[in-house]
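Given the structure of chain G, go ahead and fit chains P, D, Z, Y and S onto it with the hints provided.
Protein chains: 6
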Amino acid sequence: MNESITKKLNMDPLILLALKEDVTSEDITTNAVVKEGSRGQVDLISKEAGIIAGLTVYQRVFELLDETASVEKYVNDGDSVKPGDLLAVVDADARTLLTGERTALNYLQRMSGIATHTQKVAKHLIGTKTKLLDTRKTTPNMRIFEKYAVTVGGGYNHRYNLSDGILIKDNHINAAGGVKEAIAAAKAYAPFVRKIEVEVENLGMLKEALEAGADIIMLDNMNTNTMKEAINIIAGRAVTECSGNVTEARLKELAGIGVDFISCGALTHSSPILDLSMKNLRIL
Amino acid sequence: MNESITKKLNMDPLILLALKEDVTSEDITTNAVVKEGSRGQVDLISKEAGIIAGLTVYQRVFELLDETASVEKYVNDGDSVKPGDLLAVVDADARTLLTGERTALNYLQRMSGIATHTQKVAKHLIGTKTKLLDTRKTTPNMRIFEKYAVTVGGGYNHRYNLSDGILIKDNHINAAGGVKEAIAAAKAYAPFVRKIEVEVENLGMLKEALEAGADIIMLDNMNTNTMKEAINIIAGRAVTECSGNVTEARLKELAGIGVDFISCGALTHSSPILDLSMKNLRIL
Amino acid sequence: MNESITKKLNMDPLILLALKEDVTSEDITTNAVVKEGSRGQVDLISKEAGIIAGLTVYQRVFELLDETASVEKYVNDGDSVKPGDLLAVVDADARTLLTGERTALNYLQRMSGIATHTQKVAKHLIGTKTKLLDTRKTTPNMRIFEKYAVTVGGGYNHRYNLSDGILIKDNHINAAGGVKEAIAAAKAYAPFVRKIEVEVENLGMLKEALEAGADIIMLDNMNTNTMKEAINIIAGRAVTECSGNVTEARLKELAGIGVDFISCGALTHSSPILDLSMKNLRIL
Amino acid sequence: MNESITKKLNMDPLILLALKEDVTSEDITTNAVVKEGSRGQVDLISKEAGIIAGLTVYQRVFELLDETASVEKYVNDGDSVKPGDLLAVVDADARTLLTGERTALNYLQRMSGIATHTQKVAKHLIGTKTKLLDTRKTTPNMRIFEKYAVTVGGGYNHRYNLSDGILIKDNHINAAGGVKEAIAAAKAYAPFVRKIEVEVENLGMLKEALEAGADIIMLDNMNTNTMKEAINIIAGRAVTECSGNVTEARLKELAGIGVDFISCGALTHSSPILDLSMKNLRIL
Amino acid sequence: MNESITKKLNMDPLILLALKEDVTSEDITTNAVVKEGSRGQVDLISKEAGIIAGLTVYQRVFELLDETASVEKYVNDGDSVKPGDLLAVVDADARTLLTGERTALNYLQRMSGIATHTQKVAKHLIGTKTKLLDTRKTTPNMRIFEKYAVTVGGGYNHRYNLSDGILIKDNHINAAGGVKEAIAAAKAYAPFVRKIEVEVENLGMLKEALEAGADIIMLDNMNTNTMKEAINIIAGRAVTECSGNVTEARLKELAGIGVDFISCGALTHSSPILDLSMKNLRIL
Amino acid sequence: MNESITKKLNMDPLILLALKEDVTSEDITTNAVVKEGSRGQVDLISKEAGIIAGLTVYQRVFELLDETASVEKYVNDGDSVKPGDLLAVVDADARTLLTGERTALNYLQRMSGIATHTQKVAKHLIGTKTKLLDTRKTTPNMRIFEKYAVTVGGGYNHRYNLSDGILIKDNHINAAGGVKEAIAAAKAYAPFVRKIEVEVENLGMLKEALEAGADIIMLDNMNTNTMKEAINIIAGRAVTECSGNVTEARLKELAGIGVDFISCGALTHSSPILDLSMKNLRIL
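Residue numbers (my numbering), protein chains in the order written: chain G, 1 to 284; chain P, 1 to 284; chain D, 1 to 284; chain Z, 1 to 284; chain Y, 1 to 284; chain S, 1 to 284.
Think of the hints as simulated: they come from the structure by calculation, not from any bench. Any given hint might turn out to be false.
Identical copies go unnamed one by one, so any copy, or any two together, can satisfy a pair.
Under the rule of at most 25 Å between Cα atoms (straight-line distance), these lysine-lysine pairs were calculated in the DSS-like manner [unchecked claim]:
| id | residue 1 | residue 2 |
| --- | --- | --- |
| 1 | LYS195 | LYS131 |
| 2 | LYS169 | LYS7 |
| 3 | LYS169 | LYS35 |
| 4 | LYS252 | LYS123 |
| 5 | LYS82 | LYS123 |
| 6 | LYS123 | LYS7 |
| 7 | LYS35 | LYS7 |
| 8 | LYS180 | LYS131 |
| 9 | LYS169 | LYS279 |
| 10 | LYS195 | LYS180 |
| 11 | LYS207 | LYS228 |
| 12 | LYS35 | LYS180 |
| 13 | LYS8 | LYS20 |
| 14 | LYS207 | LYS279 |
| 15 | LYS123 | LYS187 |
| 16 | LYS8 | LYS129 |
| 17 | LYS82 | LYS252 |
| 18 | LYS195 | LYS129 |
Quick caveat: nothing in here was measured; it's all calculated off a predicted structure.
Isolated chain G (complex conformation) (with noise of 0.2 Å):
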């Protein structure tokens, strides 16, 4: 989800879209400041310890305001990065620099945020087959950048959106009158590649699930006791996944139990930003 093509058919449209929140006629302090023309090179600096994600996001912004602009870069997605380090060297036109710094930072801090908490989250779950899942409470228009940057982080992606998975929950039973019946609905509306994939909140709901063939069962906010039961009643027959806001302690608990997936929406709606500056532009 960080490749050329999908950077170029649906990353770039969305940081155009930034840069000219940030730029709706121009750049004023800059353009007053800064002679036309001059090359400049600026560092970007780690002020804390985390996981970088979004580099080459970083990079595209100022590539789309200055086809010249390079970035050299100390660190990759992934890396851990501590106070002080230097990550890369920006070199474009001095202005570009200077235009472009913010939102190339809001980016970058965001994912980077995002790649660190979840990092934070999923050492939790090394050495138990258990995998961290996002959800699809991301920020509005910012969801292919936060996805990727759980996936540096070390979680997995749950479906992309509404049109390409099939996830049944309560106000949808409520509206298909039970259990059996959403599942046979879907079934027979949705194209044969999607799996089905539902939510119980109780055992009886579990095994009306099961019967009608779900692919995937969610299991909503149960205590671990019952947890644990669900999964032996499952005994394989459907991939389970567990939600809701879990504690780190929790999420060991769960584990244990043997739940394939447990996915929290915190990773992309509440994870502070990493803290980076740009500092020392110097003209060339």
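Okay, now just chains P, D, Z, Y and S, sitting in the frame of chain G:
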């Protein structure tokens, strides 16, 4: 920044883009399980204590999908809510309720999280003349929503973007060859309706900025004693702003020495969301 | 894929683009000969026997030009029509009727042509468990319309696009260095909600795919005996799809050996249109 | 309609839209199985006999995804190909080859199908003065590609759209209250650079149209004798066009009586594609 | 070019773009001083004598901001106004009145300026057969508004753009290698519905153009005697147009020798605006 | 407002839109008469005396059509030109030269017309402290080009749009209920980086505005004596601006009494173009 014209011109296109991010062809689950043309209602419920911001954006998501959608609100932007509160009831085509749910919540939760965080910080300044400011450290393509949420929480907005305010920072001073040179260049270039703000790191730069006629001085990374001295030197000749990562203790200290504004990037870049939920869908 | 949200988000922009393709400044003929503000009605008549698909798209063309336009429909999507049938009466501003006519018909004729063709092919599978599938061989910027038309004709949809399904084809296998390697890479990379489909050309590849855990096997260009053997080897461990240019005789033969799905690109890339006409305009 | 400016201004936006239709987030299969940065080549091969049209559009798909893509062409638009012919070799980033394949072929196959069909029809007019015309019965958002394909096959283009030509049809005449009234209104309203074309159904209407000064007369649904009489009446005072579903036998008959143009909607609305394939991907 | 379909398809997007040019985040002044939800009325008053053109565009600006806006018009496009005339009263949300004012006036003043200028020029041709034409020398992204304004002032439109008319000028003739060659190439390439216009600078070129079958001859930069001779040579075999900077005296002279059309770029590129004003806002 | 980032982000999209306004399918004349792939050069020549503005926009038109286009400039923005001067030579694909000509000239002529007009007005202020300002009375979708042209002619820019400056006018004061109320509301609402400007019509309003702390006072429609008195009352406590239709005589008078700025809408709304021409195309 939340009235109907801004929404039509500058929010709707972003909300529509966010909806298309989530629905690239159709909402398969909903279209499978909910009968076409059924009308529904669903409750918006708070799961956490905080300040609500963004209810009209939340409402707009449903209206953009279904012109007949209506939202009965039991709270307004700026109100405090506690877990379990019923905030609103949405009435619309039942498919609209399910398809719009995530996008509507993604906006509302993030905006309310920012308002909640802002209020927590701002309350340390109550009773002082010092005001809390946001920055341009916003999430890409979310600025108009996030800056509004700051005001709901009791904060104030700094400039909107690079085109509508002058802020001369360290890298600009590097490029211009000095504080005086940078201010002179800005005065010569910028429309006269713009105030000139300069970031200074020490008292020497401060004096230079004052002499050159800066309208606003941002005192960056100074200890409290130096800052006190700075305020004395300025003596009302310029508006004062102080930035940087400020703890609560520091906030009061800074307010105590009479700085006009304290800006805080974390309001927009690192607020966790406020947890809200849509529950109890009923088909009418 | 034909309800109001999909139309608003994903069809309307394409319909508007098509209208602008046909009206780059104004409809000169209509504006010259029809008095402004006159109201009219016109009949939609079938000139050929077939299946109708796309009536709400047809209607949408007029609504996008004139909010007061209404269409009284005498048939529904999926109905059979014969030459001379009155299918609908459109009531709108008289200029709207003339300016929208061609674009509305271009959509409706093509969609109905696809539904008609699909039904002709699908009827050979009636009474068997085998289902008819479409492909991604659609006309550029027409996919959402064409895939819907296939379902109206009794066909089923394969994946919508490259982002929402895994299909490993010959060129992918070349690039990955083998069937096993390609499936392993897909399992490691793709969200777990995706099924893995692999195209195989012989029984060796088939066995490799089964062992590697493919969810769906596409049997490409095999003779009937080999395909029968393939189905036996698979023995229900994977869903089976067969593709290629299939004649009617071959369709029955394939259904006879129990393949789950037969995919047919011609449904969307080579269906002739269904001939329809708008006649008898009267000024009210 | 196939040179670089038209492509940049009016084809590229549509091609990009088509690529986004197929890649809403990323090409999961390709990104999973093909190593980033690998270079590849693939062959474009004909599986059917016909006329090629759209090679530069085909090439443009790859260029828009990868600036370094190049296409070595062994045939040109308008050339005849036979099954098995190697038409071109595409050299690009290997992911580009796989991700662009379907969109590139969807354009090229449809355009070549139209050129092939057009040539088959046009050859019946060889040796006569009668020319074959297309219509506005094109696939929505494909007009610029389809009208170009018609010219490659030896056909001629009628007006491009409603804004750049006057064509008064039955419903216009109804609205205007007569042939004479409609022509007078068109002459008064339309820019003088436009020719006035009128569709007539009988000799009475024809005479009225001639008297009113029509530049082009479209003879609609007349039998051959009536049409012969019509041509005699016109006697070179207007250009003549004949439309309607014309069989091959009828084509020659119409050419025989000296009509200037025969228009045929089927060229663009009902041509089957020309079957082409991309094979033999090799990683370099 | 001013009816509802053209407005929806081809004017609204430009009007919206213009509104976004003026409101990149919000109208700060209006949102500060006008209470949300207040209803207002404001008068449109003429400050200068002239011809009004563009009232529905003026109205559309307010409607696009506020669906409930209405405009009571006391004059129509084409009417003469004098200083102090009340032209219309706009009734809308009070913020809409203030936020839309400038954009609405910018359109209306420019369009009325063009209509006023056109009428002044056109009146010198009254009583002759010669008609006044506009050109493509329009303001970028204003053509559809400016060409309409010309017709309101009594002028006529030449071709709309490069795609819908043939006009062979000096540089084309240079490129083609001669008048005859250029006309032959145009006849071979262009759709037969297009007339061929050629610009000639002397009688030699004129004769060549006539022989080659030009439909329209533009006589460029000839003195009156030469032009008279040219008209005699043409003798009705082609429509005649004369261009260039024409003074009022010259206009009558040219009309006197019977040229069909005189084109005048200044109508659209150098008309001063008509001064209008919005006054007397009252909150209801 | 004329450097590469502004061009990429905020000018290019408008230039492309203008090109599509002129080329909705293809440039038929050029494609007919100019052989594909031929290289050409053409001269840009002045036909009138004036000031040039917009050469890089002129150049950009050709570059957007043809990446290999280059413009050799013999003058720069701000230079005076006289009839017959060779301003530049454009070298590009020959079709690009012809297709881009009109759009390139439409921008350059209008921008140069504004610069020429501005310089004529501004020269009356030479030797005084008074500066000439533009307004928001610009042509829709031309603001960024027109405001730049004003600066080239020696004028200064007022605010860019409604989002980046406070200007309280008569209708705002009506809505707020008074000058004091309006200023108080603006101070409470607007970001502190904004200056507050108020338009006053008499000395009573002036005093109220000063007391309420306006940063800029616009003196509207006062006679010279009143204005002199106003300047005395203000006594440097606010910046002063004077607006309205100002004759040359009046300009000097106003400068004489020491007003800081004089704003003039006519610079952007009523400047005639500067007549320029592209001549002498040669195929290389």
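Outcome of the hint check:
{"no.": "1", "hint": "LYS195 with LYS131", "in the structure": "both (18 Å within a copy, 18 Å between copies)"}
{"no.": "2", "hint": "LYS169 with LYS7", "in the structure": "between (32 Å within a copy, 24 Å between copies)"}
{"no.": "3", "hint": "LYS169 with LYS35", "in the structure": "between (58 Å within a copy, 16 Å between copies)"}
{"no.": "4", "hint": "LYS252 with LYS123", "in the structure": "within (10 Å within a copy, 38 Å between copies)"}
{"no.": "5", "hint": "LYS82 with LYS123", "in the structure": "within (18 Å within a copy, 33 Å between copies)"}
{"no.": "6", "hint": "LYS123 with LYS7", "in the structure": "neither (29 Å within a copy, 42 Å between copies)"}
{"no.": "7", "hint": "LYS35 with LYS7", "in the structure": "between (31 Å within a copy, 17 Å between copies)"}
{"no.": "8", "hint": "LYS180 with LYS131", "in the structure": "between (28 Å within a copy, 23 Å between copies)"}
{"no.": "9", "hint": "LYS169 with LYS279", "in the structure": "between (48 Å within a copy, 11 Å between copies)"}
{"no.": "10", "hint": "LYS195 with LYS180", "in the structure": "both (15 Å within a copy, 22 Å between copies)"}
{"no.": "11", "hint": "LYS207 with LYS228", "in the structure": "within (14 Å within a copy, 36 Å between copies)"}
{"no.": "12", "hint": "LYS35 with LYS180", "in the structure": "between (69 Å within a copy, 16 Å between copies)"}
{"no.": "13", "hint": "LYS8 with LYS20", "in the structure": "both (17 Å within a copy, 10 Å between copies)"}
{"no.": "14", "hint": "LYS207 with LYS279", "in the structure": "between (59 Å within a copy, 23 Å between copies)"}
{"no.": "15", "hint": "LYS123 with LYS187", "in the structure": "between (36 Å within a copy, 21 Å between copies)"}
{"no.": "16", "hint": "LYS8 with LYS129", "in the structure": "neither (35 Å within a copy, 42 Å between copies)"}
{"no.": "17", "hint": "LYS82 with LYS252", "in the structure": "neither (27 Å within a copy, 30 Å between copies)"}
{"no.": "18", "hint": "LYS195 with LYS129", "in the structure": "both (21 Å within a copy, 20 Å between copies)"}
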